[in-house]
Amino acid sequence: MEVKSRHHLRSDEVREIEQRLADRLGVELDADSYELVELEDSEFELVLVDGEPAVLYFEDEPFLTVRGANEYEPQTRVVTVDAGAVSFVSDGADVMRPGIVEADDDIAAGDLVAIAEESHGKVLAVGRAQTDGDDMVGDEGKVVSSVHHVGDELYEFTV
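Numbering (the UniProt record's numbering), first residue to last: 1 to 159.
The set of hints was computed from the structure by calculation and includes no laboratory data. Every value quoted in this text rests on a predicted model; they were computed, and no experiment measured them. You may find that some hints are simply not true.
Label pairs and their calculated CB-CB ranges [as the list claims (entries may be wrong)]:
#, residue 1, residue 2, range
1, V3, E61, 33 to 41 Å
2, D135, H8, 40 to 48 Å
3, E40, D134, 37 to 45 Å
4, E102, S11, 34 to 42 Å
5, R15, E71, 14 to 22 Å
6, R6, G110, 26 to 34 Å
7, A22, E43, 23 to 31 Å
8, G51, P98, 33 to 41 Å
9, G151, S33, 20 to 28 Å
10, R6, D134, 23 to 31 Å
11, R15, S119, 31 to 39 Å
12, D50, E153, 18 to 26 Å
13, D60, G92, 33 to 41 Å
Each residue gets a CB set at the ideal place from its N, CA and C atoms; glycine is no exception.
When you get a sec, could you build the whole thing from the sequences and use the hints?
This is how it looks when you write it as structure tokens:
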């Protein structure tokens, strides 16, 4: 991933990111510096929080990266998968109902969500919900489309 441009965010932009992540995920970012990184040929923009790629913009919506979600644990918009789904989700597969053990009821179709594994709570991926949270646990069907996962280009990005 090539960097197209990089610049520090203004205080009003920082407040907006902090507020949106607090409202949507229950996350309190506490950092000294925020830099926006625009990437060549990527659907993402990154926000470096104290130099670490902790926030992504996907379709103009800020959300935590996988690394960011493991640093600043989301309290809401979390989908939890069982051990059988871990390798698939980690490889970028979409999330299917049979692999889900729990999903926040406040998730709405279209929301970005963090996908965590059941045993340690580590976030493996970020995805777009295809259905509401109270309809995610079940026997069949795709319910979350993968957007970003452990080991992808965005996860491996370094400054």
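The hints, checked one at a time:
Between V3 and E61 the C-beta distance comes to about 21 Å, which lies outside the given range of 33 to 41 Å. A C-beta distance of roughly 42 Å is found between D135 and H8, which places it inside the suggested range of 40 to 48 Å. For the pair E40 and D134, the beta carbons lie near 40 Å from each other, so the given range of 37 to 45 Å is met. Take E102 and S11: their Cβ atoms lie about 37 Å apart, and the range 34 to 42 Å holds.
For R15 paired with E71, a C-beta distance near 20 Å keeps the hint of 14 to 22 Å intact. The supplied range of 26 to 34 Å is met by R6 and G110, whose beta-carbon atoms lie about 30 Å from each other. For the pair A22 and E43, the supplied restraint of 23 to 31 Å holds, since their beta-carbon distance comes to about 25 Å. Remark: the range hint 33 to 41 Å for G51 to P98 is upheld by a beta-carbon distance near 39 Å.
A C-beta distance of roughly 27 Å is found between G151 and S33, which places it inside the suggested range of 20 to 28 Å. Our hint of 23 to 31 Å for R6 and D134 is violated, since their Cβ atoms are close to 41 Å apart. The hint said 31 to 39 Å for the Cβ distance between R15 and S119, and at roughly 36 Å that hint holds. A beta carbon spacing of about 22 Å between D50 and E153 agrees with the range 18 to 26 Å that was offered as a hint.
The beta-carbon spacing between D60 and G92, approximately 22 Å, falls outside the hinted interval of 33 to 41 Å.
Violated hints, in rising order: 1, 10 and 13; the structure is consistent with all others.
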